[in-house]
Amino acid sequence: MKGLITKSTGLWYQVSSEDKKYNARLKGKFKLENKKLTNPIAVGDRVEFELNERVEDEWVITNIYPRENYVLRESPRKKGYHHIIASNIDQGILIVTLKMPRTSIGFVDRFLISLEAFRIPGIIIFNKSDIYSSKDLSRVDFLKGIYEKVGYRVLITSFNNDPLDNVKALLLNKISLLSGHSGAGKSTLINRFIPQANREVQKVSSFAGKGVHTTTFAELFELNKNTKLIDTPGIKELGLAEIENEELSHYFPEMRKYLGKCKFNNCLHDNEPDCAIKERLGKDISDIRYDSYLSTLKNEDNRK
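Counting from 1, position 10 in the sequence shown corresponds to residue -1 in this note's numbering; the numbering is continuous, with no gaps.
Incorrect hints may appear among the rest.
Under the rule of at most 27 Å between Cα atoms (straight-line distance), these lysine-lysine pairs were calculated in the DSSO-like manner [as the list claims (entries may be wrong)]:
| id | residue 1 | residue 2 |
| --- | --- | --- |
| 1 | K16 | K67 |
| 2 | K68 | K88 |
| 3 | K138 | K246 |
| 4 | K88 | K67 |
| 5 | K16 | K138 |
| 6 | K252 | K214 |
| 7 | K9 | K138 |
| 8 | K16 | K68 |
| 9 | K9 | K25 |
| 10 | K(-4) | K138 |
| 11 | K68 | K272 |
| 12 | K138 | K124 |
| 13 | K9 | K133 |
| 14 | K9 | K(-9) |
| 15 | K(-4) | K9 |
| 16 | K157 | K10 |
| 17 | K214 | K250 |
Okay, the calculated beta carbon distance ranges per label pair [as the list claims (entries may be wrong)]:
| id | residue 1 | residue 2 | range |
| --- | --- | --- | --- |
| 18 | S122 | P152 | 44 to 50 Å |
| 19 | N162 | K133 | 22 to 28 Å |
| 20 | D119 | R245 | 34 to 40 Å |
| 21 | G140 | Y70 | 30 to 36 Å |
| 22 | F131 | L40 | 53 to 59 Å |
In short, the hints are calculated from the structure, not lab data. Ideal Cβ positions, reconstructed from N, Cα and C, are used throughout, including at glycine.
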C-alpha cells in the first residue's frame, strides 16, 4: 500500500492512506542507511507499507519514495547528525513575534536559508500585532519592507483577533510547513482553520517571555484534500546543515546578482577587499541581512 507520513513519534509512524490512518514501524534495513540522520523518515514522506506477517495488526514501512525537497537542521543532541523537519513541501511559513516570545532576525534568516537551499518559497507572518506598541509596529513595518524588497511575502496579523482570510488564501492547495518558536502561534493558527486538530496552546510566561513546548513531534493536518499544514515543535535555535561557507551567499537572493563580481573568486564577502557585496550595503543589500549573513558564516548564536 502507498501512504503519506502524517506523524512521527520516534519508533512509530502514522501513515495516511485512502482516508484511513495506520500505525507503522520502520523496517530494520532502513535503520542501517542514512547514518547521519536522527530520523530516517519524516512527516511528508511518501512511503509503501504492508502488514507484518509475524505480528498481528502491525504495519511495516517497506519503501521510502525519493523526496522532492526537505527542510534540514543540525541535530541539537547528536553532533554531526542532521534532523529532517519535514519533506515534500510547497512552502515554508515562519511565524515571527517581536516579543512574547522574541524572534531574532538571525533566526528568521537561517530559516529562510534552509528553504532557499531547496528553492522552497518562504513566507513570513508577523503574529500578535494586537499586543504591540506603536514603536513595535513601526519596527514590524520596517522589517516587512526589508523582506518584501528581497522577494518574500510578508503578512502582519493577530491569529487571535483577525479574520485571517489573507492567511488562508496563502495556504489553499498547498502543503505548508509551519515553523517558529514555542508560543509564536503555530498551534493557534491550526486550531483556527482545523478546530478538530485541537492543538494544545500554551501561554507565554510573562516573566521569561518564552513559550513552553506543547508540540513535541511534527504532525500533518488536512484542511481539505489538497491543503495540508505541518505543525512542528518549537525551535529555540536553528542550526543549518549541509551548507558550505562558499555557498552561503547563494541563499541570499539579494546577493546573487553580484556573485562573481568580487575581486577574488573565493570571496566570502567578509574582510576581503573590492567585494561587490559590501559595495551594495545600505543600497539594495540591507545591513541587517548582511549582519545575519556574517553571523551565519561564523556560526554564531542565531538567537541574538
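Going down the list of hints, with the structure as the test:
1. K16 with K67: 23 Å, holds
2. K68 with K88: Between K68 and K88 the Cα gap is close to 31 Å, so the pair fails against 27 Å, i.e. violated.
3. K138 with K246: With a Cα-Cα distance of about 14 Å, the restraint between K138 and K246 holds, given a limit of 27 Å.
4. K88 with K67: Roughly 30 Å between the alpha carbons, so the hint for K88 and K67 is violated.
5. K16 with K138: Status violated; Cα separation ~47 Å.
6. K252 with K214: 52 Å, violated
7. K9 with K138: 44 Å, violated
8. K16 with K68: Holds, at roughly 25 Å.
9. K9 with K25: 32 Å, violated
10. K(-4) with K138: 36 Å, violated
11. K68 with K272: 39 Å, violated
12. K138 with K124: 22 Å, holds
13. K9 with K133: Not OK: K9 and K133 at ~41 Å, beyond 27 Å, violated.
14. K9 with K(-9): 12 Å, holds
15. K(-4) with K9: This hinted pair holds, its Cα atoms lying about 13 Å apart.
16. K157 with K10: At roughly 26 Å apart (the allowed maximum being 27 Å), K10 and K157 satisfy the hint.
17. K214 with K250: 47 Å, violated
18. S122 with P152: 44 to 50 Å: 23 Å, violated
19. N162 with K133: 22 to 28 Å: 25 Å, holds
20. D119 with R245: 34 to 40 Å: The hint (34 to 40 Å, Cβ to Cβ) holds, given that D119 and R245 are roughly 37 Å apart.
21. G140 with Y70: 30 to 36 Å: The hinted range 30 to 36 Å holds for G140 and Y70, with Cβ atoms some 32 Å apart.
22. F131 with L40: 53 to 59 Å: Taking Cβ atoms as reference, F131 and L40 lie about 57 Å apart, which means the hint holds.
Violated hints, in rising order: 2, 4, 5, 6, 7, 9, 10, 11, 13, 17 and 18; the structure is consistent with all others.
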